[in-house]
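There are 2 protein chains.
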Amino acid sequence: MSRTHNFNAGPAALPLPVLERAQREMIDFEGTGMSLLEHSHRGATYEAVHNDAIARLRRVMEVPDDYEVLFLQGGASLQFAMIAMNFLPQDGSADYIVTGAWSKKALAEAKRYGALAGGKARAAADMHVDGVCSRVPQQDELDLDPGAAYVHVTSNNTIFGTQFHEFPDTGKVPMVVDMSSDILWRPIDVRQFGMIYAGAQKNVGPSGLAIVVLQRDLLARARKDAPSILQYAVHAEQNSLYNTPNSFAIYMVRNVLEHLEDVGGLAAVEKLNRAKATLLYEEFDGDFYRCPVEESSRSVMNVVFRLPTEELEKRFVTESQKAGLVGLKGHRSVGGMRASIYNAVPMASVEALVAFMQSFRKSA
Amino acid sequence: MSRTHNFNAGPAALPLPVLERAQREMIDFEGTGMSLLEHSHRGATYEAVHNDAIARLRRVMEVPDDYEVLFLQGGASLQFAMIAMNFLPQDGSADYIVTGAWSKKALAEAKRYGALAGGKARAAADMHVDGVCSRVPQQDELDLDPGAAYVHVTSNNTIFGTQFHEFPDTGKVPMVVDMSSDILWRPIDVRQFGMIYAGAQKNVGPSGLAIVVLQRDLLARARKDAPSILQYAVHAEQNSLYNTPNSFAIYMVRNVLEHLEDVGGLAAVEKLNRAKATLLYEEFDGDFYRCPVEESSRSVMNVVFRLPTEELEKRFVTESQKAGLVGLKGHRSVGGMRASIYNAVPMASVEALVAFMQSFRKSA
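So the sequences go chain by chain: A and B. Numbering of the first sequence is given in our numbering, commencing with residue 8 and proceeding in unit increments. Numbering of the second sequence is given in our numbering, commencing with residue 8 and proceeding in unit increments.
Some hints here could point you the wrong way.
Stated by the list, open to error - Each computed DSS-like pair below joins lysine-lysine, with the alpha-carbon atoms no more than 27 Å apart:
| id | chain 1 | residue 1 | chain 2 | residue 2 |
| --- | --- | --- | --- | --- |
| 1 | A | Lys127 | B | Lys179 |
| 2 | A | Lys231 | B | Lys112 |
| 3 | B | Lys179 | B | Lys111 |
| 4 | B | Lys118 | A | Lys231 |
| 5 | B | Lys127 | A | Lys369 |
| 6 | A | Lys231 | B | Lys179 |
| 7 | A | Lys231 | A | Lys118 |
| 8 | A | Lys118 | B | Lys118 |
What the hints contain is simulated information worked out from the structure, not anything from laboratory work.
Given only the sequences and the hints, what does the whole structure look like? Please build it.
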């Protein structure tokens, strides 16, 4: 069987050994005569997988002891609401650094919740110019409120192909960061953040799961007036087993983390990711293939580019698909091309894309 | 490979052909060279699965055209909150028929939300006597408010092993029913209900998914002040693709529904379920094996029973496990035994259980 070169923005490529393992274990998990899907979330078999996933995430990300690791449902979109429900104080405010569609949505949800339950959410920056964000802001462009309860940042913008390579300095205000599209792409210092969250379906696993890494000091400040299921404290107290978790997704995340450790951990992954991105960005000549993102903000995960005409872009999409390269069409809101080259996309796929780009340019 | 006899309360047994199909298709879905887990939720391949799942649920349950079918994340527990966020009017109230732990939780979440955002949730009945609910209420035991926005009912109580065999008459007030543990066990008239919801992990698929069947008239009355991700209208407008869905769980639900149609639909399933339950209930002699549930309220899905002493119950759990029968320990809050015999539990498993019960009684 030949694997397609998968450049989807999410759900996205998964490591082949992880899929092979899921296939092998699908019907009879560890000799129990049952699928993991059929195991009780209160049983020893599942709990071992659950706790192993948490332990591996702690180890791989070097999560300090005073941070909780939570596995929640609803993806990053539910986090947009939960962040406000937990951390937007009734008489206080929060800052949002808007660098694309997702941070805009996160701000909108916080504003909605503030209107209902008190609290004000404001943009500390908005990088949209004519509907496009071609870079992330510099420190001196941020209008940060030192009294804010938190500053919300989106570390990587899947649609515009931008990424924070250095995070803003928010002083004593905790940073809450949406890392949905670049969690685990390299080692980071978790202590920079009050909370890290990510939908799993780009760099860590299948869809239907959000990973939350949350400092206990910040958690202690959470509001207690939301429904129980939407309170981080409730999930933290129950080790993410307050209600039935998405057990299959957590199992897959555990296996992705195991694979990640097997291939050398985040330092090795960063090296490979940088090499993949460099190979691709070097193919842009500024003429036929043009990158609309300012150089200092270019994403290592989502590489966006344009061709001279929309007609050529359409042809590029069609012909690349025929050549076994999928997911290269840019987001419908911006057009153009996008190659998502998350952790699980092998160098061979990037090389195949570059070869296709070269032959397409010649033939155009 | 021999399959374990799985009596788990949920996550629970799945049909073997459905697991075999998932195994077969895990790495290369329909010849695309990718796993379904790696397909974009905006792509044609996934969308066909998504829409097929909705269409099959409509067909199998005979869902009328003026009802939405939604696939949401967060399980039934998030529905407890969403029901209040959408349908508890700021100046109105809702009735809850409390028949066990889950309806109690649903009421508690609605009360919490009412305290925050307006609206009153009240118990129209509470069947707890000394912490136990040994039956569901009769119509004349209900203190229903004709001005309520909705009446919430739990159709089957997994922990206490009770079930509504006829639903209450709520007059013109829409009934919102949690069918997590008995959805699809038999044909029902969907028109009796304003909303049906269910966590998928008992009768329909893996964990991490809630199924919602919602009348458009009721939807039109929903509050609009909750975060977008928690509004049913937002998900209905986007065909449950407002955010990335739990695509694997929806794929599995599609396959369970296909299997269900293959074996003759709900009429055939009901016949088998009744035969399984009858075989088991007939084994209760009122002496060694005693059912604490009143006869008219006994569940066809979760059969609870007690033995003469707690010591014998402990031995029963241990020895049944050794005999390849898993999940027979009752919920920790009530003790005793529980055999969950959902749709996917074959008659052979119930026969094996009955044979074990007979030999255990002799040896005790």
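Hint check:
no. : hint                    : verdict
1   : Lys127(A) <-> Lys179(B) : violated (40 Å)
2   : Lys231(A) <-> Lys112(B) : holds (17 Å)
3   : Lys179(B) <-> Lys111(B) : holds (24 Å)
4   : Lys118(B) <-> Lys231(A) : holds (14 Å)
5   : Lys127(B) <-> Lys369(A) : violated (69 Å)
6   : Lys231(A) <-> Lys179(B) : violated (35 Å)
7   : Lys231(A) <-> Lys118(A) : holds (19 Å)
8   : Lys118(A) <-> Lys118(B) : holds (24 Å)
Violation of the numbered hints given earlier is confined to hints 1, 5 and 6; the remaining hints are satisfied by the structure.
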